[in-house]
Amino acid sequence: MSRPLSRAALVSSFLRSFLIQGSWNYHTMLGCGFAFALLPGLRRLYGAEAEDMASSLSRHVELFNAHPYLSGVALGAVLRLERDGADPEMVRRFKLAVRGPLGSLGDALVWATWLPTVSVLALSLFWLGAPTWLAVGAFLVIYNVGHVALRLWGFRVGLAEGRDVGRRLAEAHFSAWTNRLRAAGALLLGVLVGVILAADGGLAAAGILWVSLSVVAFLAGLWVGHRAWRPAAATVVAAVVVLTAAGLVL
Amino acid sequence: MEIAQVTVIGGLLALDGTSVGQFMLSRPLVAGAIIGWLLGAPGLGLTVGAMLELYLLVSFPTGGSRFPEGATATVVAVASAAGSVTPGALPIGVAVGLVWGQLGGISISGLRHVNARLVPEPTREPRGPGHVTAAHLGALLLDFLRGAVVTLSGVLVGRAVVENFGGAWSLTSGASLGLLLVGGAVSAGILLRDLGGFRRRRILLVAGMALGILGARFL
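Just so you know, the protein sequences line up as chains C and L, in that order. The first sequence begins at 396 in this note's numbering and counts up one residue at a time. The second sequence begins at 915 in this note's numbering and counts up one residue at a time.
Some hints here could point you the wrong way.
[Said to hold, decoys possible] To be clear about the criterion: a stretch of chain L counts as covered by chain C if any three or more of its residues have a C-beta under 8 Å from a C-beta of chain C, and this derived list gives those stretches:
hint, segment
1, 925–937
2, 941–955
3, 998–1008
4, 1064–1070
5, 1085–1094
6, 1112–1125
Simulated from the structure, these hints should not be mistaken for laboratory data. All residues carry an ideal CB built from backbone N, CA and C; glycine is no exception.
Bound-form chain L, shown alone (with noise of 0.2 Å):
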């Protein structure tokens, strides 16, 4: 039963990725906190979710160009490590998230190369308003079929290999969330210099970081 509402939750949170209003539930931070909450975990959830997060600061529903999922990365990452007790889950579950993002990008190429037989030929008519509407509407259906199937596959995937290998996990929790956050890190350089690089924003940055210290030490 938990596992058909995470797929159905899964193939939801990917169609706002980018085929239904893009109200940006499918976030990492926003899908986390839910399926977290679903499965009894929103800490868990809201962690797993809030480096997800981190990591795609910098990836973007553009276009044409193919970009990790987010949300069916962090339902896999949050359903993977959630139930779990050993020391390995965090770290593990948003690893298999990482790679199912990736697979969840790839999944979406497909999807548009499908998408791209069903809709009306432009060159010949199309058959009338109906045509349109059931085009659209079969697409949009595919594409929440799609975010669900790569959810489910993820999710069995992460759980069982958490669950074999979570326990042989060598790092402890601070050295495992020092681990995560170098590949965020990358990301947060990545958006410095998306937005407008070192040398140009250095005093804003370094305002922001005296504020941030002053903030969490305070606080």
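If we strip away everything but chain C, and leave its shape as in the complex, we get (with noise of 0.2 Å):
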């Protein structure tokens, strides 16, 4: 039944992967998504065979979930898995298996650690005065370097080991990594509350009192977490409304 998956449907579920999130939903999650990232490979792989075509899709139009960089991973061992005839009740199993695991290891080492880190870089060279070109610049570049080759790293990993891309993930040391970068965004944070404090027309500029409110906010949001966001956005827009309502009235 299976032909070689050709390189042109390779690089096109590749590049569909960017899109992997397009139809997210709270019934099946990634599933949609999964399923037209795999569509290049799977014509590939079934050309014209309509009933196998169909069966295929409708298992992977399942519900399935990981983080959006590293979805390659599953997207490419799918493939790899499909292509060598595998039985698809172990493709499901397989599926089933690693979307824990790719959601958490992503959203541990991306959205809490690689964003804000590459964030607080490029705010630190806002308020240090550089050119908008560089501090939005070097934002994107260097964010997008890491995003991208996680991306390829991922789906080449899935195509090279299929059912077993758990050693590879092992050994890549996500833990490692994300701690590495970990005190290295500490280290950057500090830099920039530094930069806030001290640079011209900064927080020390403002006064004391906003200095001091600041530290209480900042010893919040470190005791409190994430619970303390909210309040602190709603106090700021209704300190927001209170102020202006004061302008109208005095």
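Fit chain to chain and form the complex, with the hints in mind.
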């Protein structure tokens, strides 16, 4: 039944993985996007065999979730398994087994560490008075070098290892990378705090009241964590409303 | 014409948030620079973008969670404040942007419920590859329209609010910046907690602060 996967089909599936979250929903999550990204490969494998194609598609629109940057690991592995004519039930179990790890590894490495670390670097450049192109350009280039490299690595690992991707994921030492990045992020966060305090027109120039309130706010965030974010944003919005109203009345 | 351009840019940047690529063009710092340049106010765009980036440092587009939408928040904030010379333009623009970021997050959740009806039902075989492609591209189009509508409504409301109340703002520009940074400091605290906490990272944090102060003084 199967034919080799062409380079064009693989490139097309990889490029489609950039759209994998396009139909994210609370019923099948990434399911439809996953099937959409697989389509070029499935077309190549099943050609005009409409029944096999429909059967494969119905398996792949099922519930699936992963971090989008690491979804290529599952995509590549499933293409490999489909090419090898693997048992459909085994492919289903494989997807079920990898979706948790691919989500949690990606969330910890990318969303909770890489993104804020590069953001803090770019914000430090902004507060240091760097030109727009440098602050924004540094953010986009540095972030996306890591982003695209991770997607490429994942897709290639999936294709090369098939159902044995777990070994390569373990060898990649995601936790160690995340810890190193967190240390770098903490250093850069310190730089940002120092720059905002001492820059011309920064927090120190606003006066001791605002420095004191900022310290209290920083400690609130540190102690209470994410539960503090929405109340803090709501407090700032309320303060803006109250101060504007005061200006109208006085 | 300008408002149409802002609406389209808002829709396109919203797509980058989760649906297309996630190259982080939708992050406030980048979105602020883009929309500021488009509106002829690059300095304001970058300032608003940097402020909202600080607020949203700990807001991630994770799968099923509801998160404030940075792209529409920034486009709304910059477009609301641009063109106004009133002292309250910046803080009121940022405040409206924060509110619209939350509304954007709610609209994303709503769209995900709509998408659940749009995508092929796993218990029934899809009608073929075209069915999957149409459902997926249809959802992308809906996300663009959602982002555009959220942006347009935010800009219309934001401009009206800035125009009517911007002149009544009672703080100096320095104090306004201080107020906005108080909110941003909460995010910085949460981020330090995410990065390992004060006890574990105190040496790096203090070393970084020293470097930052030296950099601000001598660069």
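To see whether the hints hold, each was checked on the structure:
1. With a threshold of 8 Å between beta carbons, the proposed coverage of the segment 925–937 of chain L by chain C holds, since 6 of its residues qualify and at least three are required.
2. Counting residues of the segment 941–955 of chain L whose beta carbon lies closer than 8 Å to any beta carbon of chain C gives 4, which reaches the threshold of three, so the coverage claim holds.
3. Against chain C, the segment 998–1008 of chain L contributes 4 residues with a C-beta closer than 8 Å to a partner C-beta. That satisfies the three-residue criterion, and the hint holds.
4. Counting residues of the segment 1064–1070 of chain L whose C-beta sits closer than 8 Å to any C-beta of chain C gives 0, which falls short of three, so the coverage hint is violated.
5. For a cut-off of 8 Å, the count of residues in the segment 1085–1094 of chain L with a CB near a CB of chain C stands at 7, and the three-residue condition holds.
6. Under the rule that three or more residues need a Cβ within less than 8 Å of chain C, the assignment of the segment 1112–1125 of chain L holds, with 10 such residues.
When the structure is compared with the earlier hints, a violation turns up for hint 4 alone.
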